[in-house]
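There are 2 protein chains.
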Amino acid sequence: MLNFTFKNRTEILFGKDQIQEVAARLPENAKVMFLYGGGSIKNNGIYADVTGVLNGVVVTEFAGVEPNPEFETLMKAVQVARDNEVNFILAVGGGSVIDGAKFIAAAVNFTGDPWDILVKDAEFGEPLPIGAVLTLPATGSESNGNSVVNRKETAQKRAFGSDKVQPVFAVLDPQYTFSLPARQVSNGVVDAFVHVIEQYLTYPVNAPLQDRFAEGILQTLVSEGPKALATPQDYDVRANIMWSATMALNGLIGKGVPQDWATHMIGHELTALYSLDHAQTLAIVLPSLMFVQRDHKSAKILQLGERVFGITEGEDAKRIDLTIKAVQDFFEAMQVNTRLSDYQIDKSNINDIVANLEKNGMTSLGEHGDIDLAKAREILTLAA
Amino acid sequence: MLNFTFKNRTEILFGKDQIQEVAARLPENAKVMFLYGGGSIKNNGIYADVTGVLNGVVVTEFAGVEPNPEFETLMKAVQVARDNEVNFILAVGGGSVIDGAKFIAAAVNFTGDPWDILVKDAEFGEPLPIGAVLTLPATGSESNGNSVVNRKETAQKRAFGSDKVQPVFAVLDPQYTFSLPARQVSNGVVDAFVHVIEQYLTYPVNAPLQDRFAEGILQTLVSEGPKALATPQDYDVRANIMWSATMALNGLIGKGVPQDWATHMIGHELTALYSLDHAQTLAIVLPSLMFVQRDHKSAKILQLGERVFGITEGEDAKRIDLTIKAVQDFFEAMQVNTRLSDYQIDKSNINDIVANLEKNGMTSLGEHGDIDLAKAREILTLAA
Numbered sequence: 210m211l212n213f214t215f216k217n218r219t220e221i222l223f224g225k226d227q228i229q230e231v232a233a234r235l236p237e238n239a240k241v242m243f244l245y246g247g248g249s250i251k252n253n254g255i256y257a258d259v260t261g262v263l264n265g266v267v268v269t270e271f272a273g274v275e276p277n278p279e280f281e282t283l284m285k286a287v288q289v290a291r292d293n294e295v296n297f298i299l300a301v302g303g304g305s306v307i308d309g310a311k312f313i314a315a316a317v318n319f320t321g322d323p324w325d326i327l328v329k330d331a332e333f334g335e336p337l338p339i340g341a342v343l344t345l346p347a348t349g350s351e352s353n354g355n356s357v358v359n360r361k362e363t364a365q366k367r368a369f370g371s372d373k374v375q376p377v378f379a380v381l382d383p384q385y386t387f388s389l390p391a392r393q394v395s396n397g398v399v400d401a402f403v404h405v406i407e408q409y410l411t412y413p414v415n416a417p418l419q420d421r422f423a424e425g426i427l428q429t430l431v432s433e434g435p436k437a438l439a440t441p442q443d444y445d446v447r448a449n450i451m452w453s454a455t456m457a458l459n460g461l462i463g464k465g466v467p468q469d470w471a472t473h474m475i476g477h478e479l480t481a482l483y484s485l486d487h488a489q490t491l492a493i494v495l496p497s498l499m500f501v502q503r504d505h506k507s508a509k510i511l512q513l514g515e516r517v518f519g520i521t522e523g524e525d526a527k528r529i530d531l532t533i534k535a536v537q538d539f540f541e542a543m544q545v546n547t548r549l550s551d552y553q554i555d556k557s558n559i560n561d562i563v564a565n566l567e568k569n570g571m572t573s574l575g576e577h578g579d580i581d582l583a584k585a586r587e588i589l590t591l592a593a
Numbered sequence: 210m211l212n213f214t215f216k217n218r219t220e221i222l223f224g225k226d227q228i229q230e231v232a233a234r235l236p237e238n239a240k241v242m243f244l245y246g247g248g249s250i251k252n253n254g255i256y257a258d259v260t261g262v263l264n265g266v267v268v269t270e271f272a273g274v275e276p277n278p279e280f281e282t283l284m285k286a287v288q289v290a291r292d293n294e295v296n297f298i299l300a301v302g303g304g305s306v307i308d309g310a311k312f313i314a315a316a317v318n319f320t321g322d323p324w325d326i327l328v329k330d331a332e333f334g335e336p337l338p339i340g341a342v343l344t345l346p347a348t349g350s351e352s353n354g355n356s357v358v359n360r361k362e363t364a365q366k367r368a369f370g371s372d373k374v375q376p377v378f379a380v381l382d383p384q385y386t387f388s389l390p391a392r393q394v395s396n397g398v399v400d401a402f403v404h405v406i407e408q409y410l411t412y413p414v415n416a417p418l419q420d421r422f423a424e425g426i427l428q429t430l431v432s433e434g435p436k437a438l439a440t441p442q443d444y445d446v447r448a449n450i451m452w453s454a455t456m457a458l459n460g461l462i463g464k465g466v467p468q469d470w471a472t473h474m475i476g477h478e479l480t481a482l483y484s485l486d487h488a489q490t491l492a493i494v495l496p497s498l499m500f501v502q503r504d505h506k507s508a509k510i511l512q513l514g515e516r517v518f519g520i521t522e523g524e525d526a527k528r529i530d531l532t533i534k535a536v537q538d539f540f541e542a543m544q545v546n547t548r549l550s551d552y553q554i555d556k557s558n559i560n561d562i563v564a565n566l567e568k569n570g571m572t573s574l575g576e577h578g579d580i581d582l583a584k585a586r587e588i589l590t591l592a593a
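These protein sequence lines are chains A and B, in that order. Start counting the first sequence at 210; every next residue gets the next number (my numbering). Start counting the second sequence at 210; every next residue gets the next number (my numbering).
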């Protein structure tokens, strides 16, 4: 096992009607920015719940944070936060809104160009505290310090991370996911699944507990994901997916083990160039990446196959093939397509994708740093 | 899944030589109480490491915290802490030292009789902050708010719990466990195993991820525990046990599910009356408790048998018997005996044990509150 430090400062408020706990957790004299996305929360009761618990508090609403939150939009929110002397951000939504809140929280008191927080790891002072009300289980953003921001004008998707911007609390009420469109449910399950894979499917370092935890999340997502599509009003199914997605990326399972993240880095370029959903990009890249990296990853692919998909028969090479296919079949069962061509992207686009990887310095990805531009091209070609 | 709130404030510093991280985490103008147990740390290098990182800091040493820490000893430490205006406790040891530190931390500024913290849940103000350097993986005390204190003069073992006394950091260096006597290694593995069981072996509430995590810890302990006895200098084995014991009782796996804890409550009386090691009491009580509660617990016992011990053949009743036997065999393989008679306690003592349970109000134990004194007697009789 590798050395590590671990602490997770987010208080999880999980279950029915936990929104009621929010009021007691706001700072005194709170001036709250109520941040949300496209407005679906106005149709499913969540907006009313939130305004209910914010009754009597000074609130500035900021709506319109996009999926893959846009730098330009977030900078508008920064200005609004400054103008209204906001001292707390309540982010109500999925990973995009919460990621956006983290960037706003860091940028409000930052004196330089806030883009530097994303591209130069610029140091920032004490950010605004954030509370999260999660409506879409997927990214784990509600209890980690990661944020990904998109910038359309330059076709860039960039990330920053800091414990300082991690939400102080996160409301996880599975009821808030009942009204999600199937596509978002599917994306969330695929996203969480790949988060686990990035921290698990590398090479063994004799860390059996981390393996078991990772496999436990994968097993749960594989069993509960399709149920969420088949019986969308099942509370326990929603609860199990919600808790799995949070545990998938709250830092725990990746401690003491190598991590990969190449699938995410390649996927980010697909979103930046073609506006694909984040999970769609992961579903495209991962199976091909597993195939190209199968020698490095053989021990863990075999273990994944056996423990998560019950693949125990045949030679190693056969079991590896079957495991890759099982992953791909799972994504397809979740109604997320796994080929570039499914999204009207063909081989002629691969040059552009590789060029973008190069522009963003993504030239030595993966747990061994051996996914260079040539290997990335091989992966993308296989996924065409 | 049941509603829950969860936050764990302890920063885990895991791995080789992480003791070096301590100095940077002490408060400014720290006046540290360096609290430890019987002095074994002077023979294995840990004492030297700790005094090394405390170089230049005002330190008050307090040695002699016993296994099952004694109220009287801890009250002496409280006086020493007051006399020296200590503002930080560095607890170096196993669960007993860390549990003791929590009581001292709460009692130092408490104006009433500190025994009330244990028997009347008396409110206390801001406790002293605690850092832990773990030398014996077992209780999970290094990253939870629980404390158990013994009082010989009245044959009482009582607990209190508060997030406020949870260590702010915990150093988990597996190297620090190399010199442990086999008996303490065994006790630690059994203790951690039963901590998981208390939060797992109840009844299903459709919380598959919690089940998988619990089973993952159990599987790891079952596979690594005997290796720690066979090859005591294997770093990874020690690391895996250490991390498992911490995860067993840091609050995570018990969230959203029912909990039992009857084995612990009955076991506490065996320590209070006969000074048995805590883990010995658990190894005695658990198998018999599983047998007596087998109807309530059947679904989870079958799942435990299948997933942790590979017991999949035969009728339910047979598989339940085999699973109880597998648990008992595991304890015996860890060299912890499982019968009262192994410790020179016989049936004639059971009246005293039951009387003590009654005196301490332990008359409706377990996840259904149905373990009354008659059932406790049945369990103890079966364990004779």
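What the hints contain is simulated information worked out from the structure, not anything from laboratory work. Hints may be right or wrong, so weigh each one.
[What the hints assert, rightly or not] As a list, the in silico SDA-like pairs of lysine to any residue whose alpha-carbon atoms are at most 20 Å apart:
#1 B:K568 / B:Q544
#2 A:K240 / A:K216
#3 A:K285 / A:P236
#4 B:K240 / B:P276
#5 B:K216 / A:G247
#6 B:K329 / B:V289
#7 B:K216 / A:Q229
#8 A:K225 / A:K240
#9 B:K568 / B:K436
#10 B:K436 / B:N558
#11 B:K216 / A:I228
#12 A:K329 / A:R291
#13 B:K225 / A:V262
#14 A:K361 / A:Q229
#15 A:K216 / B:N546
#16 B:K216 / A:V267
#17 A:K216 / B:D504
#18 B:K216 / A:P417
#19 B:K534 / B:A508
#20 B:K584 / B:Q544
#21 B:K361 / B:T282
#22 A:K225 / A:K285
#23 B:K216 / A:A233
#24 B:K216 / A:D561
#25 B:K216 / A:T363
#26 B:K225 / A:I228
#27 A:K216 / B:K216
#28 A:K373 / B:F215
#29 B:K584 / B:S484
#30 B:K373 / A:K361
#31 A:K216 / B:S371
#32 B:K225 / A:P417
#33 B:K216 / A:K361
#34 A:K436 / B:T572
#35 A:K373 / A:P417
#36 A:K225 / B:P417
#37 B:K216 / A:S371
#38 B:K251 / B:R234
#39 B:K373 / B:E362
Source: prediction; values computed, not measured.
Hint check results:
no.	hint	verdict
1	B:K568 / B:Q544	32 Å, violated
2	A:K240 / A:K216	28 Å, violated
3	A:K285 / A:P236	24 Å, violated
4	B:K240 / B:P276	26 Å, violated
5	B:K216 / A:G247	30 Å, violated
6	B:K329 / B:V289	24 Å, violated
7	B:K216 / A:Q229	18 Å, holds
8	A:K225 / A:K240	26 Å, violated
9	B:K568 / B:K436	41 Å, violated
10	B:K436 / B:N558	36 Å, violated
11	B:K216 / A:I228	17 Å, holds
12	A:K329 / A:R291	23 Å, violated
13	B:K225 / A:V262	47 Å, violated
14	A:K361 / A:Q229	38 Å, violated
15	A:K216 / B:N546	37 Å, violated
16	B:K216 / A:V267	27 Å, violated
17	A:K216 / B:D504	39 Å, violated
18	B:K216 / A:P417	24 Å, violated
19	B:K534 / B:A508	17 Å, holds
20	B:K584 / B:Q544	27 Å, violated
21	B:K361 / B:T282	11 Å, holds
22	A:K225 / A:K285	34 Å, violated
23	B:K216 / A:A233	16 Å, holds
24	B:K216 / A:D561	44 Å, violated
25	B:K216 / A:T363	39 Å, violated
26	B:K225 / A:I228	42 Å, violated
27	A:K216 / B:K216	10 Å, holds
28	A:K373 / B:F215	19 Å, holds
29	B:K584 / B:S484	23 Å, violated
30	B:K373 / A:K361	46 Å, violated
31	A:K216 / B:S371	18 Å, holds
32	B:K225 / A:P417	18 Å, holds
33	B:K216 / A:K361	37 Å, violated
34	A:K436 / B:T572	42 Å, violated
35	A:K373 / A:P417	30 Å, violated
36	A:K225 / B:P417	18 Å, holds
37	B:K216 / A:S371	18 Å, holds
38	B:K251 / B:R234	23 Å, violated
39	B:K373 / B:E362	28 Å, violated
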